[in-house]
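Residue numbers (the working numbering), protein chains in the order written: chain A, 149 to 314; chain B, 149 to 314; chain C, 275 to 698; chain D, 275 to 698.
Hints listed in this document are in silico derivations from the structure and should not be mistaken for laboratory results. Watch out, some of these pointers could steer you wrong.
Unchecked claim - The calculated SDA-like cross-link candidates involving lysine to any residue, where the alpha carbons are at most 20 Å apart (straight line), are:
(1) B/268 - D/352
(2) C/607 - C/664
(3) B/231 - B/260
(4) D/349 - C/552
(5) D/664 - A/211
(6) C/426 - C/398
(7) C/426 - D/349
(8) D/426 - C/425
(9) C/349 - A/270
(10) C/311 - B/156
(11) C/305 - D/349
(12) C/311 - D/338
(13) B/194 - D/505
(14) D/431 - C/498
(15) D/431 - D/477
(16) B/268 - B/251
(17) D/400 - D/426
(18) D/455 - C/550
(19) D/664 - C/683
(20) A/238 - A/262
(21) B/194 - C/552
(22) C/664 - B/210
(23) D/363 - B/271
(24) D/349 - B/270
(25) A/268 - C/551
(26) B/194 - B/156
(27) C/305 - C/326
(28) D/400 - C/664
(29) D/311 - A/268
(30) D/431 - C/547
Computed from a predicted model, the values in this text were never measured in an experiment.
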Amino acid sequence: MEEPRFNDLYRDIILDHYRRPRGRTPVTSPDVENEGLNPVCGDEVKVSIKLEDGRVKHVSVLGRGCAISTASGSMLAELLPGKTLDEVEKLFKAFKRMMHDEGVPQDVEIGDLDSLEGVKNYPVRIKCALLSWVTLEDALNSLRSGQNQLDKTTTTELEGKGGFAL
Amino acid sequence: MEEPRFNDLYRDIILDHYRRPRGRTPVTSPDVENEGLNPVCGDEVKVSIKLEDGRVKHVSVLGRGCAISTASGSMLAELLPGKTLDEVEKLFKAFKRMMHDEGVPQDVEIGDLDSLEGVKNYPVRIKCALLSWVTLEDALNSLRSGQNQLDKTTTTELEGKGGFAL
Amino acid sequence: MSAAGTITSGPPAQARKLDVARIRGDFPILKRQVHGKRLVYLDNAATTQKPECMIEALGSFYRTSNANIHRGIHKLAEEATGLYEATRKVVARFLGGADPHGVIFTRNCTEAINLVAYAWGRHNIKPGDEVLLTEMEHHSNLVPWIILAREKGAVLKHIPLQENGTLRLDDLDKLVTPRTKLVSCMMVSNALGTINPVGEIAAMARRVGAKVLLDGAQALPHLPVDVKKLDFDFLAFSAHKMLGPTGVGVLHARPELLRSMEPFLGGGEMIREVRHDSATWNEVPHKFEAGTPNIADVAAFSSSIEYLEAIGMPQVREHELSLCRYAMAELRKIPSIRILGPEDPNLRSGVVSFVDQDLHPHDLSQILDQHGVAIRAGHHCAQLVMRFFKTVATARASFYIYNDRDDIDVLVESLRLARKYFGF
Amino acid sequence: MSAAGTITSGPPAQARKLDVARIRGDFPILKRQVHGKRLVYLDNAATTQKPECMIEALGSFYRTSNANIHRGIHKLAEEATGLYEATRKVVARFLGGADPHGVIFTRNCTEAINLVAYAWGRHNIKPGDEVLLTEMEHHSNLVPWIILAREKGAVLKHIPLQENGTLRLDDLDKLVTPRTKLVSCMMVSNALGTINPVGEIAAMARRVGAKVLLDGAQALPHLPVDVKKLDFDFLAFSAHKMLGPTGVGVLHARPELLRSMEPFLGGGEMIREVRHDSATWNEVPHKFEAGTPNIADVAAFSSSIEYLEAIGMPQVREHELSLCRYAMAELRKIPSIRILGPEDPNLRSGVVSFVDQDLHPHDLSQILDQHGVAIRAGHHCAQLVMRFFKTVATARASFYIYNDRDDIDVLVESLRLARKYFGF
Ligand SMILES: Cc1ncc(COP(=O)(O)O)c(C=O)c1O
Ligand SMILES: Cc1ncc(COP(=O)(O)O)c(C=O)c1O
Ligand code: FES
Ligand code: FES
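Isolated chain A, as found in the complex (with noise of 0.2 Å):
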């Protein structure tokens, strides 16, 4: 029996990623935090952030989930530190244009995200490694709407539609 191959799913960057995500050490009084629900699969993440003079200073992304949803929260971790939540904004809008086989904009820096392409051959997947991006987001959003910090919900709408992709 020959390995299986994926050209385009597991990447090595993920497998590593998986195996050793970033971002695990939570983070204390975070400034912004929420938990977030795949209801195709019943996976939860926290996602925490601390800001420093507008800027992410730690990040923390906790639960469970399969590689690719690991993978994806721990590229979130190691790309975040240092970015206004205007890059964050703009990291978060470029990855999901990915996802949806969109087009990234050129002047996003999306380092190994990029690994997470062929994801979007798998539409029950993609959703795995939108989660903890589409959990920050709403925090984000509801922060910007005035309800200052944190902003827990323990179910996040995915893209605003939940449920099976359609």
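Could you slot chains B, C and D with the ligands onto chain A? The hints should help.
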């Protein structure tokens, strides 16, 4: 185009009964009377009987229905006069057996009912042939069970089943 | 068709004619003989026949892609999910560009209407509230409201039928009151063929803020319908009446409205999270599709719609109109026959309901069957209509894309022979 | 199997073995390749594959006999009605000689359970009444009761699960109280494979006069079941899990009980007489089959049952038991894998649910797919079970008549490779 050919359904005797049905003069102050509905088509019939010395004196079968039910009701009106209720019961049982393809007892005179034998091959139409008979049967049953005379019901559970053949 | 209000109007005059011979070739059942005669299928309002492409799609689903959907992470599950969800989009397109999130698959039109009665009606109809129906409705758009009204102490009212087989709208403004919470109305009558002015009726409903349900069971298969031009909250119809498989119905509504509703059936697929005594719901449309759906039939239904789209709904309409006109003219030549419903074929779909003064519809139907002609005899699940016309049953011939004038000639000739056979 | 109580016990020792090679030949989908590999279909608890005879029956229905049923007086309608009603009798026979009048066709098992919740539950469950479920139930046998309990102010209780994957019956006599009106329980768990002692549970229910509903979705396809030996009021299951088409479920109950119930869906077919604001009901089972049924699929379902009957349910059971035994033994050789549910294969059906300590079930499933192996990963619509075992998902392999040891070898080898691929 040829004429349709029914070797078994619309026999001449049936068509004759249909065009000139017997028992159309309403029985006044009947001893037994009942209304029946064929739920498959919505057709209704009213069967009325006047008894004298324990025998059927007058019969009327009123209402509307198809050729089969009209002919069958007409034959009922033709066959019953002079019979005791037990004889009527026997006749009904024999006819029902015929419709269910179970064979008619040798000792029962069924007259023109003979011509309805073909109906047994058309499951949807069996209720047509039985309509006036079960309507009467229902009335006789309640008469026998002590609910004396004039038991009227607007719907009849045909063979205790109604509904569609199953 | 102008009476139909917001139903999109007829085809341009130069519409290309249907190639009935070619179409017939696509329907394997039409090759069969009945009692040694060519099958002349004129029972299309009950259910239509199926094109080979739909039957093939069904077989091919089971032969190559069958799996349970939505949750499986394997190739077959992916394919099956793709095929199932693709039909949602095809239906949405067929409706004139609807939001697929507002397309719910049910078993049939009947279940779609009941879904509204249970999931919307039970939570919005209060004692004394009124539901306005018509006297023309199919039992499937009467009985759910009878059950609801009985349970809630609500009042049912009916837009009355009139002799010409259309609805009497004169008192509509009195029938619709501030207590009216729902107006539920068929777009086209299965018993009479009448195309109803649903635009006008909906407009009146809107004046009091009532919801509008349209029973499209006899409309979607036969008329071009564009939901963008139609004013309604709920639209229900059945696949089997439009070349599709049995076991598939559609309820269409705006996703926001669906979101605001309580669920109907509880079970797998429709939930988000289940605890011992509480649960939260999945997003629409899944919230209303509990348990394993009729995956294969929904998947195959796409082919039926695509077949209709290829012909063109305006062309379908034009074809039926011309058959209806011809059939009415021919039937009128038999003096004992009385046709129910509008005199003007333009006001009706391809349904011709009639009675013969001497012959019972069931006998007629039985004799026609000997000639290979399938019509329907009965109350057509419209007992209020039968009662209005003081009969219990009518004979009904209903046409579709594979019928032609020959079929009607056979029908009419068989009727004449039936009369002769019975001695009239 | 003795734990299953009144489920008829296993086959005689000399039962003839299944000829899996021949059986495979009857399932066209098993000839297909997935990612260049032979399809190894182990997702049978979700839905089974279909034999050619069922697919053919479906196609042949549409190609030769398609019509709407019950009311039509023409050849096609007669044939279609005959085929539809014949399946009712075949189902009744398969159940061990049930009364066909007590066989209702629904869309799926889920709808069958909801039918009971609506038509019986709403009229018999009062505030404070109790419904006893188990912690093992599929969402389809939880959510309808959650909705009902919320509406009626009733109380839900659950027979608890225990570590070994069986129900803890020790306190059953306390869980069943005079307020218990219904005990609803699965015969076989789809998430764990556990065969439940439904006889014992029903006996306890009877002591307080409670009704008993059995969810047979995972039992009827896999075990010999004889309703004459089984104590229940309602029995629900799905055709698609037993070689049948999607879109068909069955609710079975005694006709007297069905007669005493209020209707569920209102519409055509289920009525006797309809007036403007009242209606009377047709006889059972038609009273519960509103609108045009899924005629073709019901007709085709006969072939699936006949296929199973030809093999013999005791043989099916024996085959699955032997596969299950083998699979458990092989899986135990991978130390990182933990199998949920009873250790003794005799206490379970052909379902093996497991977790790998390092790999997420969804990743496992995705990798297995690359090897052509279809398993299911997820909560299996049993979130209470997942929560009990402190996980959100398991991987589940489930077997049927066309599986053999080769399939299991491929499964196990693929699992090893998956671990290797992920670096464990
Ligand atoms: C035990 C059990 N009950 C009920 C169901 C629901 O069956 P369906 O989805 O066919 O309605 C299932 C199917 O997964 C099941 O396994
Ligand atoms: C106008 C109308 N509404 C509803 C229905 C019910 O459709 P179904 O039986 O497919 O549920 C029919 C079908 O006869 C119909 O003609
Ligand atoms: S499977 Fe749950 S997040 Fe990927
Ligand atoms: S059709 Fe009504 S009684 Fe025969």
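Taken at face value, is the distance from the CA of residue 211 of chain A to the CA of residue 664 of chain D at most 20 Å?
Distance of about 13 Å is within 20 Å: holds.
With a cut-off of 20 Å on the C-alpha distance, tell me whether residue 194 of chain B and residue 156 of chain B pass.
27 Å, violated
Hinted pair residue 349 of chain D and residue 270 of chain B, Cα distance within 20 Å:
10 Å, holds
Taking only the CA atoms, is the gap from residue 305 of chain C to residue 349 of chain D under or equal to 20 Å?
Answer holds: residue 305 of chain C to residue 349 of chain D is near 15 Å, not above 20 Å.
Straight-line Cα separation of residue 400 of chain D and residue 664 of chain C no greater than 20 Å?
At roughly 44 Å apart (the allowed maximum being 20 Å), residue 664 of chain C and residue 400 of chain D break the hint.
For a C-alpha distance cap of 20 Å, please report whether residue 194 of chain B and residue 552 of chain C respect it.
This hinted pair is violated, its Cα atoms lying about 56 Å apart.
Hey, residue 349 of chain D versus residue 552 of chain C, does the alpha-carbon distance stay inside 20 Å?
51 Å, violated
Run the distance test for residue 268 of chain A versus residue 551 of chain C: straight-line Cα separation, threshold 20 Å.
The hint is violated at about 37 Å.
Given pair status - residue 338 of chain D, residue 311 of chain C, alpha carbons within 20 Å:
14 Å, holds
Holds or violated: residue 238 of chain A and residue 262 of chain A, Cα atoms, limit 20 Å.
15 Å, holds
Regarding the pair residue 426 of chain C and residue 349 of chain D, is the alpha-carbon distance no greater than 20 Å?
43 Å, violated
Assess, step by step, whether the Cα of residue 305 of chain C is no farther than 20 Å from the Cα of residue 326 of chain C, and give holds or violated.
12 Å, holds
Of the hints listed earlier, those the structure fails to meet are numbers 2, 4, 7, 13, 14, 19, 21, 25, 26, 28 and 29, in rising order.
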